[in-house]
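Colleague: I would like the entire structure built from these sequences, with the hints used as guidance.
The listed protein sequences derive, respectively, from chains A and B. Position one of the first sequence corresponds to residue 1 (this note's numbering), numbered consecutively onward. Position one of the second sequence corresponds to residue 1001 (this note's numbering), numbered consecutively onward.
Hints listed in this document are in silico derivations from the structure and should not be mistaken for laboratory results. Any given hint could turn out to be false.
Said to hold, decoys possible - Here are some of the chain A residues that sit facing chain B, going by a computed Cβ distance under 7 Å: (1) Tyr52; (2) Ala57; (3) Arg58; (4) Gly61; (5) Arg62.
All residues carry an ideal CB built from backbone N, CA and C; glycine is no exception.
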Amino acid sequence: MRSTAGSTTPTGTATRPEPADRVRRFTTAERWVHRTTGHLMLVSLVSAACLYLGPLARLVGRRHLMVGLHEWSGISLPLPFLLGLFSPVFRYVSRSWARRHHARWLGEERPEAGSDRATEL
Amino acid sequence: MAEESKPRAGGAPVGRRAILGMLGAGAAGLAAAPYLQRGWEGFLASASQLDPTGLTGLLPDPGGFRYYSVVGSVPRKDATDYALRVGGLVERPRTYTLDELRAMPQTRVVHDVVCTDGWRVEKTPFDGVWLADLLDDAGVRSPGAAIRFTCFDGTYSESLTLEQARRSDVLVALNMQDRPITHAHGGPVRLYVAPMYFYKSAKWLSGISVTDKVVPGYWEERGYAVDGWLDDADRHSDAA
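Modeller: Right under this line is the structure:
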């Protein structure tokens, strides 16, 4: 059975054309999860600064808004990851990551190449 | 089903040691946070005593008062343009200037300032006019039963029952720590309700209106208790 390279982008979804001189290392879903988490973290940090650094607090004020931003951006930090699990690609990547590394984590033998189908999580 | 991609050279991209280490560090951070914060506040408080540059005030959590405002910017007022209106269910509505308030009998209240966020400034002296004196001057008429306070930041409001407003530890404050109250602390005139959490002590006070029932203030509409008693407050006493 001849194996072919697996698709790293969702089949059937529109993707941006690959720039000729660049290799996309991560999938759309991975990038989306990464960036959203990053932005939420940034909002959380900046709003915390506006609450707890005196000079910034005097400049910005709007305490109710800042408290809301800080609490909600913090609480929603895991959301992009959880939503990403709805994306088949992200799920595939996480699963293959788990398949590759869980066995080693648990100190078991890594599944033989080709036996993936049998040991699929 | 897609094939497994080739494992990257050099083993796992994230090691077990790194992940377990991060989890451990996170748990240790949570456990240590209260002690670290207390130590940091104590350190900054003593450092600020020796710091003529005031740079310690720029660091997070410097101890002492923190600046809270619910709006973006607050106009500055002084003796030339400050006015306190007393109205609502009263016989004689009137407006006080800052000088008129300073000319009235002044009372001193010394009490711990306690914020709902957990910070506390111990034994802080406030001087000002008894709110009860202003109410007597205006003459509360039936069915007046509560006070609504408004502020010249344009948004903040507070409330007290008439009984609370007449306590001897409730001031229309002009001085804090023996100096005129600065703009950042709600000057030139703020409310000081000593037996309650500090959100009850409205900053930038500009209006006192007698109402027939309690109208919840800004934070009270957002889930705070309408009666913000401190745990150790004597709720029915007339004295501080």
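Colleague: Which numbered hints are broken by the structure, listed smallest first?
Modeller: Result: no hint breaks.
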